[in-house]
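Quick note, the sequences are listed as chains Y and H, same order. Using my numbering, the first residue of the first sequence is number 1, and each one after it goes up by one. Using my numbering, the first residue of the second sequence is number 309, and each one after it goes up by one.
Because the hints were derived from the structure by calculation, they are not lab data. The C-beta atom is built at its ideal place from N, Cα and C for all residues, glycine as well. Take these hints with a grain of salt, some might be off.
If we take Cβ atoms under 8 Å as the criterion, some of the chain Y residues that face chain H in the derived model are [claimed, not checked]:
# : residue
1 : L38
2 : A265
3 : Y274
Simulated coverage check for chain Y against chain H, where a stretch passes if three residues somewhere in it have a Cβ under 8 Å from a Cβ of chain H [as the list claims (entries may be wrong)]:
# : region
4 : 80 to 94
5 : 134 to 147
6 : 150 to 160
7 : 276 to 282
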Amino acid sequence: MIDEWVVGTLSRTLAYGTPLLLATLGEIYSERSGVLNLGVEGMMILGAVSAFATAFITGNPWLGMLFAGLAGAVASLVHGFVSITLRANQVVSGLALTMAGLGLSGLFGKGFEGEPLDATISNISVPVLKEIPYLGDILFVDQNPIVYIALAITPVLSFVLFHTSIGITIRSVGENPSAADSSGINVWLVRYLCVAFGGVLAGFAGGYLSIAYRPAWTQGMTNGMGWLVIALTIFASWNPSRGLFGAFLFGALMHLSYRLQPWVAPELLKMMPYGAAILALVVLSFGTLKKNMGAPNALQQPYRRGEK
Amino acid sequence: MLDNLPFEIEKRQNPTGLAVITVSFLALLGAFLVASIIFWAYGANPIKAYQVLFSGAFGGVYEISETVRRATPLLLAGIGLVIAFRAKFWNIGAEGQLLLGAIAATWVALFSPIPDPFVIPAMFFFGFLAGAAWGLIPAFLKSKLGINDVITTLMLNYVAINLVLFLVQGPWKGDEQWGFPYTNEFSPAAKLPTIGTTNVHWITLVIGVLAAVVIYYLINRTTPGFEIKVLGSSPAAGRFAGMSYVKTTLFVMFVSGGMAGMAGVGEVAGIHHMLRNPNELSLGYGYTAIIVAWLARKNPLAVIVTSLFFGAIFAGGDAIKVSLGLPFQITDVFNGLILFFLIGSELLMSYKINWSGSK
Chain Y
1 MIDEWVVGTL SRTLAYGTPL LLATLGEIYS ERSGVLNLGV EGMMILGAVS
51 AFATAFITGN PWLGMLFAGL AGAVASLVHG FVSITLRANQ VVSGLALTMA
101 GLGLSGLFGK GFEGEPLDAT ISNISVPVLK EIPYLGDILF VDQNPIVYIA
151 LAITPVLSFV LFHTSIGITI RSVGENPSAA DSSGINVWLV RYLCVAFGGV
201 LAGFAGGYLS IAYRPAWTQG MTNGMGWLVI ALTIFASWNP SRGLFGAFLF
251 GALMHLSYRL QPWVAPELLK MMPYGAAILA LVVLSFGTLK KNMGAPNALQ
301 QPYRRGEK
Chain H
309 MLDNLPFEIE KRQNPTGLAV ITVSFLALLG AFLVASIIFW AYGANPIKAY
359 QVLFSGAFGG VYEISETVRR ATPLLLAGIG LVIAFRAKFW NIGAEGQLLL
409 GAIAATWVAL FSPIPDPFVI PAMFFFGFLA GAAWGLIPAF LKSKLGINDV
459 ITTLMLNYVA INLVLFLVQG PWKGDEQWGF PYTNEFSPAA KLPTIGTTNV
509 HWITLVIGVL AAVVIYYLIN RTTPGFEIKV LGSSPAAGRF AGMSYVKTTL
559 FVMFVSGGMA GMAGVGEVAG IHHMLRNPNE LSLGYGYTAI IVAWLARKNP
609 LAVIVTSLFF GAIFAGGDAI KVSLGLPFQI TDVFNGLILF FLIGSELLMS
659 YKINWSGSK
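Here chain H stands alone, though its shape is the one from the complex:
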């Protein structure tokens, strides 16, 4: 019976670039289609909703700047996740690593004796280290003791959230904040410059783009990059060739955590200018960065594009929230659906349909 079909399905060894892009595009379309059913069930006109989403993300200079602003932490954290996922390390902890970076930046800004001209570089430096340290814990636990990375990275997110809450409600609570759970505001020397009147803190953005290029080079052209690739696809082969699984894992998570940490620095130094409730500091950027990395098919340069895409969803989601009165969780719904469709469609990429049906 299968012989009568007008096409046949062939397995591809390596999906072509065109297949990847086509399937990814179809997956996004599918996710938007299902989301429109949800809009409709919620009593909102889906077409109107998408118009609002689009104009909220790209409708003008301010809208575009909001998209870029949201894309910035996703870019930094997303690049970090690309390198972790390449090594098959399930870093679900970018959210916590981001918060640790924010904590370190706040320490530099408010409590360190570092002189003004060095404050901003020091924030990024210590932010990177703090995020990296948070990432090294699960890396150590997995590579040395075989403890599940998904669990440890996730649990550390909750520890980090409560650590921030503890600091802003306890020892670091600002005396100039009328009892609100914020630290005091950063001094001007610790505020990142923004482009014009927008919220785009360009220094963080530039760091992100540079990091994308550097990590692309690292992965594709250097020995450590090669080791990550080999150990990610076959740890046994890598070990046989004398590569150190422990060393590579620690290195990967040092970079991955550090990148997320710098994303956190950007948020406190560029946007909020204080440490505050984790829900306000990060709108789940660390989790969305997972989808950003996945949609980029683990290519650091593609992260530049995919982070902008999800930046647009955040900015457009804000617009939907304001003008259609939908709760902000709408972006979570988008994120979840897109992720489902992306991985659900991966099977399609590795098959080719031959329409001739000649056998």
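So that you can see chain Y by itself, here it is in the shape it has in the complex:
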């Protein structure tokens, strides 16, 4: 009985943690290049509505995911233009992106509200592996393919960031853009690419929510997940593997906020992930020696040649 409860909780934790993981990985790349993008919530919701609309109209859910990524990328590039080229304040630009994203998705998603979706990315069970006791039930029974994709890209993105020249380029742009510039790196291009990559992954995260996780479109369905992603990025110390841990920790909390409803008022449970995010940062602030918790040095600083 208890076994079943724990196994079920862990299995659903994966499903809840996946959108957080995807978007956090993207935000880590964006911030590692020096661009804080607070528009994650906006990009996710645009991804969600684009995926749903595409899958609904074409009947192809994977095409929906593609368009979710595209929508996220386009949205992120608006933020990129304003904050990289126009050198505007990144906090405010990101907020603007979230507002505009929530508004636009509500506007263009109006017609899809309450529509059933046939073309979904449905859960699968992996033959053979699902027979493993406990682990099989947690990892390989009734999981979504996108969960596996997210799990698979995490080590890849971690490797790229810390062990390849691409990663060194990105990190140098985020730590010391003028040094990177004088060594021949195109700071603007690297930042634009990282921001766009963050947008694609946030879009995927939204698409996963609307056509895979619980196929439906409701306005505002991301419900603050995008903001949790910003907290998770700090919590992860801008490190993809730690992001994986954080995303599933918060995935578990979000799942438990439903799972514990028979015993505790649902509204109090729904505070839990947000309260826990603050608590996690408090704990972290005692644990880290560096005052800025290991943030990239040039985070939030627009780069302009000739200035130091």
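Guided by the hints, dock chain H onto chain Y, whose structure is given.
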């Protein structure tokens, strides 16, 4: 090649007032232009939409009163944000602080033993304190522990939303409301008077205008105001001069949260007369107030004008929703676009174009 241009671009040290106004105006125009493309894509005639928006905001006494009513919470919360942004504290939590003010006002109205004549002042007093307390949490976490203010203020919004939901569906759910998730209605002593038949609860409005003047004075003429300015532009210099970063941050957020809290008092005591779903209590006023403060270029007196502008967008957005059948999210679209254009155009303000091109 650059020598051949008929103009040259010079960097200004301080943008002139005229440049600020011109660029802000152009930015608004740009945002409206992009919004018209969105209207058009949605199948609505943009010109018609703007006509409806304008007449919905200014077309008559009722319309103007609706604009003022929407501007009221934006004014109070916006002034609070001005003071926070001046100190470089990213208070994105006005929405939550507003809701805490609404909760405190509801407590005073329904559950406190405070006698009738003192109920309204007590609502504002406790509303201010509740909002301020909610604002002090992130202020403490940032100034003492270095924890990111954007995150904590935002997370507390979600906590506040769920707290209101918990109260109206649980312990404070009214027994006179046929099972709806509302508290009981306030007694007459706890309802703010309004001007005529309009929804303008003038007491809140007067508090807002007075606060704008007081905070303008505070920022420009007093020592705490000077400290906020210095610590906002250079914390290191301020510390060197013996100013306390912690103290200033706590003070700033006490005021900022408190102002948002009073905005929440106005909404429950002036409009709804009960605590109810947070979506109905605040149409994202706490977030829109960020744009209000930004458009005012962090000047508390200018907030009076910019809050009216966004009040008009809310009132006009309502009209568009009703007569063109567009979803209410249209105001979010406006807000987001305006904010983008405002900050995108800031670069323009700090440059001057010399058309002579003489070198």
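Here's how the hints hold up against the structure:
1. L38: holds (7 Å)
2. A265: holds (6 Å)
3. Y274: holds (4 Å)
4. 80 to 94: holds (count 9)
5. 134 to 147: With 0 residues close enough to chain H, the hint is violated.
6. 150 to 160: violated (count 0)
7. 276 to 282: holds (count 4)
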